[in-house]
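Chemist: Here's the letter readout for the chains.
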Amino acid sequence: MSGAGPRENVFPTRMTLTLIKTRLKGAQTGHSLLKKKADALNKRFRTILGKIAEAKLKMGRVMQLAAFSLAEVTYATGDIGYQIQESIVTASFVVETRQENVSGVILPTFVKGTPPAGSGGESGNGGLQLTGLGRGGQQITKCRETFAKATETLVELASLQTAFVILDEVIKMTNRRVNALEHVVIPRLENTISYINSELDEMDREEFFRLKKVQSKKKRDNAIKEAEAAAKAASEGGGAGDAAAAGAGQGLLNEKDEDVIF
Amino acid sequence: MTSMVGMKDRVLMATIGDEDTITGLLLAGTGHIDPKGKKNFTVVTSKTPVSTIEAAFTEYTERADIAVVLINQHVADQIRPLVEKYQQAFPALLEIPSKDHPYDPSKDSVLKRVKKLSGE
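Line by line, the protein sequences are chains L and D. Quick note: the first sequence, position 240, residue 239 per numbering that gives the first Met the number 0, numbers continuous. Quick note: the second sequence, position 28, residue 27 per numbering that gives the first Met the number 0, numbers continuous.
Keep in mind the hints are simulated off the structure, nothing from the lab. A couple of the hints might just be wrong.
27 Å max Cα-Cα, derived DSS-like pairs, lysine-lysine [to be verified]:
#1 L/LYS171 to L/LYS111
#2 D/LYS84 to L/LYS57
#3 D/LYS106 to L/LYS50
One chain only, chain L, in its complex shape:
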């Protein structure tokens, strides 16, 4: 289905011509609108790309800091990994999804959310009951804060990434639609219109030709009839010529022409 050939299968009437013209106009408007949407999305895409690259580097640095503070804790308290894993109950750090609308595309953003009710322990501890870690508690609190900050950066990065993936999909789809309109739908409709026009012209020509033919035939018929009447009048003699002529004249008037309506 490509090239200048294909057109829709329709009867070439004036009504279908108007219908197809309306559809063509619709397709052209849709095409320009979609192009604008693709441009807007692309612009947004570029901004996000830049932000992602930046955020990734920031995350690298932040995680290094956090890892370092964890090393400090291990140095001060010994390995607390096992204890922490055992004391987990519910997450105190959760993410909330918010939705943003960018030229018709719903993009999610992650925000640090509030944990569901009933999961919090003492203030600052969340669900963790870190009893038994009294020694070096200050280090642990500091470490927790650093990691909390690191996690917030991670959340930001996750939002950017999700937005990126979704935008990517949408842009591809919009481009596909733009191309489809440009290279398939609009040429087809244009071909259909030119086909209908050429058929209508041909029908007009046929009509015209038919009319001319009928007229010329009528003329010929009339000419033959007149010739016959004249021959008859001539054969009936000169004396009755005037009368015949008058009679022929009357005859003409009395003749009924079927085409005359009144």
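Based on these hints, arrange chain D on the given structure of chain L.
Modeler: Relative to chain L, chain D alone:
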């Protein structure tokens, strides 16, 4: 278009990483054990088989209550083909550095897609 149904339920941040990374993130409060006993974190050591990592990855990406999956970069390298194939928008997949493996942008599969597209 990606389905937005169930977005409200995605709240957790899952982690697949080495012990130190897990400890730190658990300290921040991301750890969660649901009533059925399912955890949202997997500790990966040098002895952990690749199949365990792959199973954890598949599990977290299919769970409906997880919004973000964090994975150490060196762990992601072990299941690189699976990570490269991952195209969903949710949950978001994030590669993070670990204490012994600093962040390497050239290995990050998302960044690779970013670079490919920004080069268009």
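Chemist: Take the hints in turn and mark each one as holding or not.
Modeler: Hint-by-hint comparison with the structure:
no.: 1; hint: L/LYS171 to L/LYS111; verdict: violated, 31 Å
no.: 2; hint: D/LYS84 to L/LYS57; verdict: holds, 26 Å
no.: 3; hint: D/LYS106 to L/LYS50; verdict: holds, 18 Å
The earlier numbered hint that this structure contradicts is number 1, and it is the only one.
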